[in-house]
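Q: Chains as they are written, first to last, in the working numbering: chain A, 1 to 324; chain B, 325 to 648; chain C, 649 to 1020; chain D, 1021 to 1392.
Calculated directly from the structure, the hints in this document are not laboratory data.
Cβ atoms here follow ideal geometry from the backbone N, Cα and C, with glycine treated the same way.
Errors might be hidden in some of the hints.
To be verified - Far from chain D, some chain B residues (derived; all Cβ distances over 10 Å):
1) L363
2) T380
3) P401
4) E421
5) K424
6) G430
7) T434
8) S503
9) E568
10) R636
11) A646
Said to hold, decoys possible - In the DSSO-like style, the derived pairs of lysine-lysine whose C-alpha atoms are separated by at most 30 Å in a straight line are:
12) K200(A) <-> K1380(D)
13) K1316(D) <-> K1303(D)
14) K695(C) <-> K1008(C)
15) K551(B) <-> K1008(C)
16) K181(A) <-> K219(A)
17) K1067(D) <-> K1380(D)
18) K181(A) <-> K1380(D)
19) K551(B) <-> K931(C)
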Amino acid sequence: MANITLLKAVNEGLRGAMQNDPSVLCFGEDVGPKGGVFLATENLTSEFGEGRCFDTPLSEDGIIGTAIGMAMNGLRPVAEIQFQDFIFPAFDQIVSEAAKMRYRSGGQYTVPMVIRTPYGGGIRGGLYHSQSGEAYFCHTPGLKVVIPSTPYDAKGLLIAAIQDPDPVLFMEPKALYRSVKGEVPDENYTVDLSTLRSVKEGDDVTVFCYGAMVPVVEKAAALAQEKGISTNIVDLRTLLPLDEEGVLEHAKRTGRVVIVHEAPRFCGYGSEVSALIAENVIEYMEAPIKRVTGFDTPFPNTLEHHYLPDERRVLDAIEQTAAY
Amino acid sequence: MANITLLKAVNEGLRGAMQNDPSVLCFGEDVGPKGGVFLATENLTSEFGEGRCFDTPLSEDGIIGTAIGMAMNGLRPVAEIQFQDFIFPAFDQIVSEAAKMRYRSGGQYTVPMVIRTPYGGGIRGGLYHSQSGEAYFCHTPGLKVVIPSTPYDAKGLLIAAIQDPDPVLFMEPKALYRSVKGEVPDENYTVDLSTLRSVKEGDDVTVFCYGAMVPVVEKAAALAQEKGISTNIVDLRTLLPLDEEGVLEHAKRTGRVVIVHEAPRFCGYGSEVSALIAENVIEYMEAPIKRVTGFDTPFPNTLEHHYLPDERRVLDAIEQTAAY
Amino acid sequence: MSTSQLKSVIQADGASPGYDPGLSDAELLHMYRTLLLTRAFDDMCIKLQRSGRIGFSVPNRGIEATSVGTASAFRKDDWFFPSYRDFGVGLYHGVDPTDMMHNMFGNKLDTSKGRQMPVHFSFVDPIHLVSISSPIGTHIVQAVGAAYAFKQRGEDKVCMASFGDGGTSSLGFHSALNFAGVWKAPVVFTCQNNGYAISCPNEMQTASESYAIKGLAYGVPSVRVDGNDIFAVREATVAAVARARAGDGPTLIECVTFRMGGHSTSDDPSKYVPKELFEHWAKRDPIDIFEKALFKSKKLTKKKKAELQKECEEQVIAGVRLATDAPAPGLEEIFTDVYAELPDHLRRQGEMAFDLAKRKGSADAGDGAFPL
Amino acid sequence: MSTSQLKSVIQADGASPGYDPGLSDAELLHMYRTLLLTRAFDDMCIKLQRSGRIGFSVPNRGIEATSVGTASAFRKDDWFFPSYRDFGVGLYHGVDPTDMMHNMFGNKLDTSKGRQMPVHFSFVDPIHLVSISSPIGTHIVQAVGAAYAFKQRGEDKVCMASFGDGGTSSLGFHSALNFAGVWKAPVVFTCQNNGYAISCPNEMQTASESYAIKGLAYGVPSVRVDGNDIFAVREATVAAVARARAGDGPTLIECVTFRMGGHSTSDDPSKYVPKELFEHWAKRDPIDIFEKALFKSKKLTKKKKAELQKECEEQVIAGVRLATDAPAPGLEEIFTDVYAELPDHLRRQGEMAFDLAKRKGSADAGDGAFPL
Ligand SMILES: Cc1ncc(C[n+]2csc(CCOP(=O)(O)OP(=O)(O)O)c2C)c(N)n1
Ligand SMILES: Cc1ncc(C[n+]2csc(CCOP(=O)(O)OP(=O)(O)O)c2C)c(N)n1
Ligand SMILES: [Mg+2]
Ligand SMILES: [Mg+2]
C-alpha cells in the first residue's frame, strides 16, 4: 500500500498486468524510451524490453488497427493515444472494427484490447489537448468506456479492462494525473467494470459525475453543506455499459438530480443519464434534471477556466435543484 | 411543381444550386458518370462538366479534407459519402477541422460545405450499410446536421445547406429515397435550417422523430387514432442547431412525449431531446419520456425488421404514454 | 522483380518453360478444381440474386486465378484477411461451399448468424479466413497486428491480406504498409488490381506508375504480376511468403486482372466500362489460361474437365438446398455477441423485442421468451 | 533531382558556384534578416515559457533555412498551410512578429482570439497563412482542396503545405498526395525531416529509403535537399512552384534538417536524442551556413550583421511588451465564431456564463452583460 498519484497508479497497473501476463504489451507514440508524454509508461521498456513497450509511427489508425489484429490473434494490447483529441483518425477502426468484430463474426473473432488515452481540460491545451469525447464512444455498442477518478480505481479498473474480453476505452483525466493522490495496494487487483462508486452519501440532491469533475463536485458539495444542503455524489466510472439500476436507485433516493461533465452539453453523456431517469423514474423527480457541462463550443485556451464547470457553477445547480 | 421522389428532389436541389452558383460542385466516390450508387448525382456530370461533378479516389478522408480546402478558398463543395457508415475515416476532418476552423481562426477561415450521405436501415444492408450516426455529429459544436423526410424538405433544406456559411451534414434517409413522393416546386427555394416541422397536430401525445421514422410514426398515429389517441407529430429535421423552443412548446402542449429514432438508444439523439425536456419543462410532464429506438447492438442483416422501430413498437409507446 | 513490369509465367500456347510450381498432379488438379468451384459458386450466387432468393452478391469472374494462386502459396495455419472478391481462397483451403452459402442466405447456420450482408464470410476452421468487413482497407492494418503477434510469439506463421486497387487509397493501406515496413512484420499484401473501384478507373484512383510501386514509399519490396496467370500469382506469393516466414518482412504483390462484370449485383458496368475492355479481357480468362497449361502438360483431359465441372456444380446446388432449408437466426441473435456477456440493458431490450414479436405473432420469436 | 540523394548548393567554404538565386542584394539580406528574426522570436518564446509568462512554445532552431527558403519561393498571394515549426514563413512575408506574439500570449489581439494554444497562428493578411491545427497532417489534404479551387477558377496561384517527418505517416499525407497526383493540383509539399517526431526517430517512422521517395507512390515528383542550405531549399521550391503554376501538378520536397532542441518546451530530448547528433548538427547551423555564403559573396559585413541582429531583437522585445499589455479576450469570445450566427442555445449559455462571472467578480466579465 502506498500513497501515489493517479498517474503512478496507471503506471503500476500497466506494470502489474505486464508482469502477470506475457501477452500484455503497450505501444503508441512516444510510449517507449520516453515513457509517454505524461510518463504513464515510464520504465516499461527498460523492464519488459522493446518487444513489449514500444513507439509507433505517427498514425492512430495504425496504432488501433494493429492493436485489433494483435488482440484477435492472442495478444492483449494496451494502445495509447497520446491525447484523446487525436483519437479521431482511429475512429473508424474503433467504431467500425473493434466494436463490431465479435458481433459480425458470430463470436469467432474477438478484440480484447485496451485503448488508454488522457482526456479533458485544465492544462491550457486549447481546442486539441483538452477534449472530453466520451459520448462519441458511449453511443457505440460493443465498446466499454471507463473513466477513473481516483488512484485506486485507476489501477483496479485498468487491470480489469486489460483482462476484459472486449475492447475497452480507458480515458484518463489528465487534470488529475498529478493532482490527486491516494492509497493503492502494491499487488494486482481489479475493480469491477459496470459498477458505479458512491463518493459521498447525501439526502437532498444526487450529483452524477466522473473523471476530473469528481473533485470539483466534492468541493461544490462541501460549499452546499455549509448552506445546509446534503449532496449525494455518484462517480459513474464505467460509462458503458452503465450500471443503470444503480443510477436509478440514486436518482430516486433524493428525487433531485444534477449531472456534471466537462464535455459539451448537446448530446453529451449527461443527456443519456437524464433520459434514463426521465424514462424510468420520472415520477420520483421533484425538480428539473439539471446538467452542468462544458459549453457547446470548441474548447478555448485562454478562457478555459470559464469554459470548464467549476465548483461555483456546480454549486449553483445544486442550490437551484435543492430549492426547486 | 411536380410530384417526385425524395431522391429526385435531392438531384433537383443539387442541379438548382449548381445552376445558380458556379462555385458549387459535387464530388465523391462514383458520383460522376455513374451518378452515384443511388443516382442522386445522375446527369450532373453531363450537364455541368467533369470539373463540377466528378469521382474521387477511395478515401473519405481525402474527400472531406479536400472539400474543406475548397470551401476555405471560395468554392461551395457538396461532398458525397457513399454510405454514412463509411464516413468514419473522415471523422477527424469533420469534427477536428470542418467544425472548428471558424472558431480557431477567429473567423478568418470558414468552411461553407455540405456533406451529403444516405443513412439508415431498410435495405438489408447489414452492419455497414444501415447505420444512423447522427448523434456522433450532433455532439460536435460547429457542425449543422439536417435530415429531411419529405421531397419538399429535401430540396429546400439542401439548397439552404449549400447556401449556409457553415459546414452542414445532410443525411438522406435512404429508405425513403424512392418510397415517398411529394409535390416539389420546379424553381429553387430554401427551407430554413433550425426550424422543426409540425407533421400532424394532436392533443394527447407528442412524438418527436425525423427522417425515415416519420412515415413510421404517421402509421402508428393512425393506429392510435383508431384507439382514440390523438398524436402530435413533430419532424425535427434540423437536429443541430435544434429549435429548442419549438421542442419545449410541443412537449408542453401534450405533457406526454415519445421520441423515435433508428439509431441505438444509448447516448442517441433521443437522449438529448429527453434531457432538454427534463431540464426545462419537467413540471409539465404527466408520463415518463419514452424512447423508441434501434437496439444497442450493431445493425443486423437478416433480422433488421426486428431491429428497426416499426409502427407497432411506436404504437406501444404511444399507448403506454397516453395511458400512464 | 519489378514494380512496373508485368510478370507472366504461362505463355500463349500454355507452356511455362523453366517454371516449376512445386506441386503434385493432385495438387495441380485441386487448384484447377477450385477455380471451377469458385466460378460455379459465383455464377450460382448471381443467379440466386437475379431470381430474388438472396439479396446481393459480388461477382468474382475474372479474379479467380488471383485468389486461388494466392491461396495455394500459404499454409492452413496462416491467417488470411480477405477482400470480398476472394471466393477461391476459402474453397482452396477446404471451406465447404455450403457454409459459404449459409452466409449468402444469412441463415441460422451462417457463421455470422445472419448479421452480415452476403459475401461477408468469416471462418476459423479449416482456416482463419478473417471476418470480412465492408469498410474498405480496415483489415489490411489488422493483418499487420496479427502478423506482429505471430512474430512476437516466435511462431513461423504469416498473415495474408488481400484488397482491391481502390483499397490502396484507404487509410488502412497506408498505415498497414508503413507499420509492416518498420516492424518487418510477416505479412503479404496482395492488391487485386481489377481495373475499377466500382466505377472509378485506375487513372482516377492514383497517378502512380503502378500499384506495386507504392511499396517503395514504405520500404516494402513489391512485384507486379499477371493476375490471370495462376502460376505467376503463385510464384510471387510463394516467394513473398517465404520471405515473411524467414523473418525478412512484408511484400506487396500487385495482381493485374479484370473485373468481368459489375461491381456487385446492384451495379450496371455498361454505363462506365468500355465494351472493348470486356472483350479484351474475355480472351484472357484465368480458367482458360490455366486449362491450356494443364492440357499442354497433359495433367488434364477433356473428360476429367467435364467430370470436375459437374462435381462442382452439384456441390454448389447441394449447398443451395441446405442453405434454403435452414431457418432464419433466432431473434436472440440480435443481442448476443455484442459483448462476451449480455449486459443488463441488452437483456431488457431483448425481452422487449421478444414480447413484441410474440404479440405480433412473428415466427422468429420462438416461444416468445427471451432465452438468455 | 533524386529521391534519395541529398542536394546541396552552398559549399563548405560558402561558395555556391553556378547557382543564381535570382534575388537582389536587398532580397538576400531580407532572407538573412528573416532568419535572424526567426531565431530571435524563437529564443524569446522559450525564455518567456521558462519564466512562466507563456505556457508553451515549439523550438524552431535548426529548421530556419527550410522555412525561409520555402517562403522565398512563393508569392504573397499564394496560400501557405504551415507546420507549427515555420516561424520563418510568416516573418519572411511581412507578418508582424508582434501579431505572432499576441498569439503566444493568447490575448485579445491574437487573431485566434486566445482560443488556440501558442504557436497556432492564423493570418489572412499580409499572406494567407492558414490557421494551424494541432492534429498532425489534416492540413496537407486541405491544401490540395484549396489548390483545386485555384485551378478551377483558372488562377495561377499555388498552395504550399509544410509538415514533419512524422506527418508523412498521417492519413492527411496519404490522401493529399494521392488526390493531388490524380488532380494535378497546383500544390507543393514540403516535408521538414528533422530527424524526430517527438521521440520517434526516422527509422521507427518509416522503413522507406527516404521521405522523398514516398512521392513515387502517388506519381508525385520528388526531390531531397539539404534543409539547412537555404539555397538548396529555395532552388527546389522555386522549381516546384513553377511546375505547379504552369499546371504541371504537385511536387514533394524533402528538406533534411535537424531539430536542435526539444520537441516543445515540455520535452526533454536528452532522454532519447544521442548527444553526438546535436554536436554534429550544431556544426551545420543554417544561419551560419547562409552567413558564410553572404560573407563570401560580400553581401554582408560584420557591422551589418550586428545591426540586423540588434534590430530583430528589439523588434521582438517590443512585441512582447505590446502582447503583455493586451488584455485577455472578452468572455463572449467563448461563444462567437462557432457558427456565423450565434444560435439560441449558445446565446443562453453565454448569458449564463456572464451572469456567473459577474457574481464571481471575474475580471473577464466586463459589465457582466452578455454583449451579443
Ligand atoms: C470506406 C469505404 N468507402 C466506400 C465504400 C463503398 N465501396 C464498396 S466497394 C468499393 C470499391 C472498391 O474497389 P476496389 O478496392 O478496387 O475493390 P474491387 O471492388 O474492385 O474488388 C467502394 C467504393 C466502402 N465499402 N468502404
Ligand atoms: C494526429 C496527432 N497525433 C499525435 C499528435 C501529438 N504530436 C504532436 S507533434 C508530434 C510529432 C510530430 O512530428 P513531426 O511530424 O516529425 O514534426 P516535428 O515536430 O518534428 O516538426 C506528435 C506525435 C498530434 N498532434 N496529432
Ligand atoms: Mg478494383
Ligand atoms: Mg520531425
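Q: With reference to the structure, classify each hint as holding or not holding.
A: Status of each hint after checking the structure:
| no. | hint | verdict |
| --- | --- | --- |
| 1 | L363 | 24 Å, holds |
| 2 | T380 | 7 Å, violated |
| 3 | P401 | 8 Å, violated |
| 4 | E421 | 5 Å, violated |
| 5 | K424 | 8 Å, violated |
| 6 | G430 | 4 Å, violated |
| 7 | T434 | 7 Å, violated |
| 8 | S503 | 33 Å, holds |
| 9 | E568 | 6 Å, violated |
| 10 | R636 | 35 Å, holds |
| 11 | A646 | 30 Å, holds |
| 12 | K200(A) <-> K1380(D) | 27 Å, holds |
| 13 | K1316(D) <-> K1303(D) | 18 Å, holds |
| 14 | K695(C) <-> K1008(C) | 33 Å, violated |
| 15 | K551(B) <-> K1008(C) | 17 Å, holds |
| 16 | K181(A) <-> K219(A) | 16 Å, holds |
| 17 | K1067(D) <-> K1380(D) | 33 Å, violated |
| 18 | K181(A) <-> K1380(D) | 29 Å, holds |
| 19 | K551(B) <-> K931(C) | 67 Å, violated |
The structure fails to meet hints 2, 3, 4, 5, 6, 7, 9, 14, 17, 19 from the earlier list, while all remaining hints are met.
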